[in-house]
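Could you put together the complete structure from these sequences and hints?
These protein sequences, in sequence, are chains A, B, C and D.
Residues in the first sequence are numbered consecutively from 1, following this note's numbering.
Residues in the second sequence are numbered consecutively from 1, following this note's numbering.
Residues in the third sequence are numbered consecutively from 1, following this note's numbering.
Residues in the fourth sequence are numbered consecutively from 1, following this note's numbering.
Calculated pairs, DSS-like style, for lysine-lysine (alpha carbon to alpha carbon, straight line, at most 30 Å):
hint, chain 1, residue 1, chain 2, residue 2
1, C, K400, D, K221
2, A, K113, B, K249
3, A, K113, B, K26
4, C, K217, C, K8
Some chain D residues close to chain B (C-beta under 10 Å, calculated; not the full set):
hint, residue
5, K160
6, G164
7, Q165
8, E252
9, H257
10, H258
11, R259
12, R297
13, L301
14, E312
Partial chain C-side listing against chain A, Cβ under 8 Å, derived:
hint, residue
15, P73
16, K89
17, R107
Because the hints were derived from the structure by calculation, they are not lab data.
All residues carry an ideal CB built from backbone N, CA and C; glycine is no exception.
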Amino acid sequence: MEILERLLNISLVVATIRTTAPILLVALGGSFTTKAGIFNIGLEGQMLVGAFFAVIGTIATGSPWLGVLCGVAAALTLALIFALLVVSFKANEVVVGLALNILAGGLTVSLMKAIFGTRGSIFGHGLVGLPALRLPNVKDFGWFGQILSGYTPLVYAAFLLVPVLILFYNRTRLGLYIRVVGEKPEAAEALGISITRIRYVSSLLCGLLAGLAGAHLALGYTTMFTENMSSGRGFMAVAILIFSNGDPLKILLGCLLFGFSDALSLRLQTLGISSYLVLAVPYLVALIALFALSYRSRPRVIQETLASMGRALSVKSNTIQPAAATDASKP
Amino acid sequence: KDVSVAAISGYFSQGFGVAIVEGLKKAEKDLGVKVKLVDTGNRALDYEEQFNNLAKGGEYDVVFVMGWELVDALQKAAAAYPNTKFVFIDGVLDSKQIIYANFAQNQGSFLAGALAAMMAEKGSEIDGLGDGKAIGFVGGRDIPVIRDFMVGYEQGAKTAAPDVRLDAVFAGTFDDPAKGSELTMALYGQGSDIVYNVAGPTGEGVLQASAAAGKYSIGVDVNQCDVAPGHVMASMLKNANVAVYDLVKDLVDGKTLEPGSVHTADVKSGGVELLLCPGVADKIPADVKEKLEALKADIASGKIKVATTTQ
Amino acid sequence: MPLAIELKSITKRFGAFVANEDVNLAVESGKIHAIIGENGAGKTTLMNVLFGLLQPDEGEIWIDGEKKSLPNPAAAIAAGIGMVHQHFKLVPSLTVAENVFLGMEIRKGGLIDHAAQIKRTAELSKQFGLQVDPTERVGLLSVGIEQRIEILKVLARGARIIILDEPTAVLTPQESRELFQTLRGFVAQGMTVIFISHHLEEVMEVSDNVSVLRLGKNVATRPTAELTKSDLVQLMVGRLVSFDRLPRVASVGKTVLEVEDLWARDDRRLPALRGVSFGVRAGEIVGIAGVAGNGQTELAEVLSGLRPSSHGSIQLNGRTITGASAREIRAAGVGHVPGDRLVRGVDRNASISMNLLMGRQDQSPWSKHGIINRSYLLEQTQALIKRFDIRARGPESTAKSLSGGNIQKIVLAREFTGSADCLLIDQPTRGVDIGAQEAIHGEIMRQRDAGKAILLISVQLDELIRLADRILVMFGGTIMGEIPGDRVDEEEIGMLMAGVVPETHSNTVGAA
Amino acid sequence: MSDRFDSLFGQGLAILFALGLGALVILTVDESPVRVFVTLLNGAFGSPERIAGTLLQTTPILICGIAACISFRGGLFNIGIEGQLFMGGFWATWVGFSFNLPPALHLLLAMAAAVIAGMAWIAIPAFFRARYKTNEVVSTILANYVAILFTSYLTINWFKRSGGQSETPPIFESAYLPELFSFSRLNWGLIIGLVLAVGVYLFFTRTARGYAVSEMGANPKFAEYGGIDIKKQTFLVLIASGAVGGLAGGVEALGVHHRFMEGFAPGFGFDGVIAALLANGNPIGTIFTALFFGALRSGSLLLEVDTTASREIITVIQALIILAVSAQITIRRKASDSTAGERRWKF
Ligand SMILES: Nc1ncnc2c1ncn2[C@@H]1O[C@H](COP(=O)(O)OP(=O)(O)OP(=O)(O)O)[C@@H](O)[C@H]1O
Ligand SMILES: Nc1ncnc2c1ncn2[C@@H]1O[C@H](COP(=O)(O)OP(=O)(O)OP(=O)(O)O)[C@@H](O)[C@H]1O
Ligand SMILES: [Mg+2]
Ligand SMILES: [Mg+2]
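See the structure below:
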C-alpha cells in the first residue's frame, strides 16, 4: 500500500503530462506525414536540430522565443530536404529518414565543437528557458489546479493541438487534401490536387511541430542542449504513429500511455529493480501495444468461426432467400 | 625539447573529462606543451586502432587515458609502445608499464552523502527542505565507476545519519537531461529533497530540476554551483585539472614519470573535495559543517575506510 | 452542327512509342460520341490529353469553337470538360458528398460546410436522376453506385462535355441500360457525351457518332446509324472476326470439381459466399455470370486456396480439398487465371520467364535439387511465347513492358500448360481487345477439348454465351439459377443478375 | 553492360557531389578539405595494417548488411539487426566463458549460440509480422532498445568481471575465431561475410526457394497466388535475417573482443541496413558499400589524430553520400521507367 502511494500520486500525473508533451508534439507532427502517406522515420533528427538551433538562437538573441523560431527554422530545413528527396526525387523514405537522422547527429556535434570548442552539452552562455505558466487562482482548484498549472507554454500547445488537428482534418480543406493524398493519391491527382504540393506541405508542417518538440526539449523541459538529446523520442513517435494511423486522438492516447509508463518506470527504480530492466519498460509497453493492437483481429476470427459453426447447425440444408441475403450482406 | 601530450577518452564532453581538458589547456597555455585530444566515440572496435594511430609515430611523451572501456586497448598499447608513457586516469590496473592517476571519488561522495543525509535529517528546519527523511542519487549508467560514487555516498549517509533513506536511480544514459530532470522530480515526489547527480549531461537536468522544484542538488566532478545557483548545495570536486596539470609540469621539469607509479588524488591530498556552494553554504547549520570536517579528517587519517567498486 | 470538341492533329508519344498519331476528332455538341478501338489503340491516352492529364506533343484542342491549351485537369474542368475514369478515383473513407465536392469544397468561415455539401449532393442527385445517399461512406458502396458518384462529381463541376472511359465494364445489363438513360438525359439537356467501350452492342445502341482508333490513328468517324457491328470490327482490327457461339463437344466426362454449400467472407469480413453448390465435369465449361462484386472473385479465390472458406466442402476428383493451401490445391491439379492479373497474376517488374516459373519452381524439370534449371526455363519460355503469341522483345522483357492483352497471355500460358485437370478462369478478356479476345477464347476451347474441367467467371455475358456449356448466375453470394448455354435468354440472365428470380425460371438453385 | 556502367558512373557522380558538400562542411569547421580527404585515404588504406583495419570495420557492416539484404529481398524491413547483434554477441560470449570445451567444438557452439540468439530475438516480431502483419520496422527498432538494455543488465548484474570494467569475463581461447594475420585483429569473420554474400546472392538468383522469397518481396499477392505460403515464408525470412544479425554479433565477440561489454558494437546494425539499401538489396553490391563505409570509419580514426576535424565530420559526409546516392538511384529509375516512384519496399 505504501509502495503504491509512493508510486501513484499527483506528481505521477504531472510527470506523465511532462513526459508526454515532447513525444506528443513530435508525433502530432508525424501525423501530417503519416496522413499524407509518407513514412517519416526522420522525426528524431528534426527534433534534434530543432533543439540545437533553439539553444543557439536563444544564446545569440537572448530571447527564448526567437530561439524557438530558430529551432523551428532548422527543423523545417531538414524537413524540406526530406520532402525534396522523398517527394520530388522519390527516394526511399526509410533511407532518407535514417540518413537525415545521422546527419542531424553529426552536424549538431560538429557545430557544437566549432562554436563552443567542446562537445557534450551547452548550457550557461546566457541561455534562458521558456517561462513556466502559472495559471491565476490555481490554488482554488486544489489538486486539479496542481495538474493544470505550471508547465512551459509548449506543453499546453501540445495538448491543445490535439483538438485543433481533429478540426483540421475534418473541417479544413488542407486537412482533407492531406488525408486524400495519403489514402488515394490517384483521386487527388484526378481532381487537380497536387500530390507533390500536399506532400511538401505535410512534410513541412511535420518539421514545424518536430522543431517545436525539439525546442521544447531544450528550452522548456530543460534549459540546455546535449548531444543526441532527442534520445529515441522520435522513434517512439514513429511507433505511436503506426498504431494510431495518424489520428490525433489515438496519438494522444498512445503518447499518454507512453508518457505514463515512462514516468512510472522512473519511479519503479526506487523499489530496487535494476535500472536496465526498468528503463526497458516504455519500449516493452510500446511493443506490447503494437502487438496487442495487431492481435485485435483475432477475436473476429474466433467470432467468425463460431458464427459459421452456428450456421452449420441451423441453416445447413436451407436455401437462402436471396433478397434477405443481400440485405444481410450490406452493412 | 618540446613536450607533446595527448589525451584519449570518450568522455571529454562530460564533467570529469571537461576537467581533464581544462588541465591540459592550462598546460598548453602556461607550459607551452603541444596538446592533442582524441575522442574515442563509443565503438569498442575502434579503440585499438586509435591507440595505434596515436602512439605509432612516437611523438607524444605522455598519453592520458580516461574511461574503463579503454582498458583492454590501453594494456595492449602499453605493451606495444614501451616508449610512450600512458597515464590511466581514475583507476589502478595490474600492468606495471602504465602510470595511474587515481581519484578517490568514493571518499568525496562519502562527504556528499554525509552532508545530504544530515541536512535531510534537519528536515523542514531548513528552508526548502521537507520531512521526507530521504536523499536521492541519480547515476548516468549503472556501471562500476558510477557505483563507486554511489557506495561512497551511501556509506557517508549511513555514517552521518543512519535513519535517512537513500533512493538511488540511474538514467541509463549520460545524454538525456530531460530524463535526469524527470528522475529528480520523481525522487523529490518520493520524499528526497537533496539529490546527488553523477550523470554527466543527464545530471545537468538534475541540477535544473532542483531549481525548478525549489529543492536541492549536489554537483559532481567540477564546480557545478552555477548551474542552478541557490539550489546546488555543494559540488563534489575531482580536481583532475590540477592532477593532469601537475603531471605535465613534472614532465616539462624533466622529471620522469615512473611506470607503475600511482598518483592518488583523495580527500587527504585535496585532489578530491566537497565544495560547499556559496549562497547555500550559509544555510548549512554549523553542527553539520563541523561534523563534515570531522568526517573529512577521519577519512584522511584512514580511520574511516570508504568502500569502492573499481578495485 | 456546332462542334463541342475539335482535336486537330494530336500526336502523343511516350518515348519512342507513338500512342496517338495525328489524330483529328470532331465531336458534335449535344450528341453521344462513341470511341472504340483495340487495347492499346490509344483511346485512354487521347482522352487524357483532352482532359489535361497528358500534354500532346503536337496538335491543337478546340473547345466550343475556341482554341484552348489544357495544361492540367483544372483547365479542362474550367473549359467544361468532365471525365469519369476507367478506374474510379473515389476515396473510400470519405462520404459520398465529400467525394462529390472533393477539390471544390463548399466552405463557410474557412471551414468545410458538410451540411451544405450534403444538401447540394442530394439536389444534384435528384436533378439528374442519379440516386445516392450523400452521407454514406464510399468504401461501403457497390461499383454501380460508385459510378454514379463519379458522374455526380463531374456534374457538380458544371461539366458540359462528359467523357466516360469504359463505363459499362462493371455494370449489369440493367445498370448499363439505366446509365444509357441517364446519358440520353444529358444530351437532351444539351450536354455532350464521349463514351469509350469495347462492347459493340452498346455502341450501336446508344451512340450517335462513332470514331474508331487503330494503332493510335483515327481511322474513321461516322454516324453510328451508317454502320453495322461487323463494319466496326473490321475498322478496328482490319479484318473479320466471328461472334458466333463456338462449337461444343458432346463428350463430357466425370465430375472433376464438386462444390457443396460453400460459405466465405470478403476482405471486409462481410459474407461473400452464402452456400454455393455446383459441379464441373471434365470437358465442360461452366460459366459464372453476375455483376462484379457478387462473390465471383471470392469464389475463385476460395477454390484456389487463397481465401479460407468458413463452411462447406470442395472436392477435386473425389478428394476433399477444403481448407487446403494454395500450394496443395495447385499440386492437386487446379490452375487459376486470376481476375486482377496485374496485382495477382504477374510480377510486373519480373521477366516473362520468371513469371512463367511461378508455382512450379519446385517441380522438376523446372528446378532440380532446389536449383532453378535456367536453360530449361529459357527454352520453355521461348516455346510458350511462340505458342501463345505473346508479343514481346524476348523472354527477358519485363511484364510491365507488355500491353494488357499480352500480360494476360503470360498468365494463360502458365496456367494452361501445367498438369491441371481443372481451370478456374476469372475475367479472361477483361479489358482485352477483340483480336486478343479471339485468341484467348480459342485457347480456352482447346483446354476444354483436352478434357479439362473449366470454371469460367466473366462479367461479360457475350463471352459466357460464346463459350459456356452451362451458365450459373451469382448474386449476393448465392447462385440464383442455372441457364443452359444453348438457350440463353439475356433478359432472364439480367434479372437473375439483379437478384430477381423470374417467374418463368424453373431451374433449382445451386444444383449441379 | 553499359547500363551497369551508367549506374556506376551515376553513383560515382553522386558520391562526388556529396564529398563536395562535405568539403563545404569541413571548411565551416576550419579544416582543409584536401587534408581531411588525404588523411581519410591514408587512414583507410595507408599501410597493410590500415587496410586490415578497414576490413576489420567492414566485416560487421557486411554481415549486418547481408542480414538486411535477406529481409529486403523478401519485402521486409529488419531494422533490428542492432538488437540481434547485441544478443548474438552476448550469448556467444556466454558460451565462450561459461564452458571449457575442445577448440573447434567450442567455437562452433559459441557461433551457434550467436545465431540462435539472433533468431530468438527476432522471433516475436517475426511471428507477429507473419501472422498479424504487425509493422516490423517499428517492432524491430523498439526491440533494439530492449536488447541493448537487456544485455547490459545481464553483463552488469549477473556476469560482470571484477574491476572497473563493465564487461563479462573473457572467453576461453578455444572459442576464438582465428585471426587472419599476425598484425591485425582481422579474422575469419571477413571470410564468413564474403562467403555469405556470395551464398545469399546465389540463393536468391539460382534457387527455387530464393525465387519464391524474391517474388514475395516483389509482389506478395502474386507469390501467394503461386502457392507460396506467405506467412510461413515471412517468418522464415525474418528468422534467417535475424540469424545472420546474431552471427554478426558472434563474429565480433569471438573474433575481435573476446568478451561482451556495454556499448559492444553500437551502430553497426544501422550501417548494415544502409549499406544494403544503397546496394539495393543485392548482397554482392553490399560487399562494396560495406567496404566503403568501413573505409570511411577506419579513415576517420586517423582523422581524429592527424587533423583538427572530428569524426562527426565523417558522419556528416556519410549521411550526405547516402542522401545523394538515394536520390540518384531514383533519378535513374525515373529516366528509364515510367513507373518510377513505385516503391519497391512498402510498409
Ligand atoms: N489544388 C491544390 N493542390 C494542392 N494543394 C492545394 C490545392 N488547393 C489548395 N491547396 C492547399 O490547401 C490549402 C488551403 O487552400 P485554400 O485555397 O483553401 O486556402 P484558404 O483557406 O482559402 O486560405 P487563403 O485565404 O490564404 O486563400 C492551401 O494550403 C493549399 O496549399
Ligand atoms: N505513361 C505511359 N508511358 C508509356 N506508354 C504508355 C503510357 N500510357 C500509355 N502507354 C501506351 O500507349 C498505348 C495506348 O494506351 P491507352 O491506354 O491509350 O490504350 P487504350 O486504347 O485505352 O487501351 P484499353 O482498351 O486497353 O484501355 C499503349 O500501348 C500503352 O502501353
Ligand atoms: Mg484505356
Ligand atoms: Mg483561398
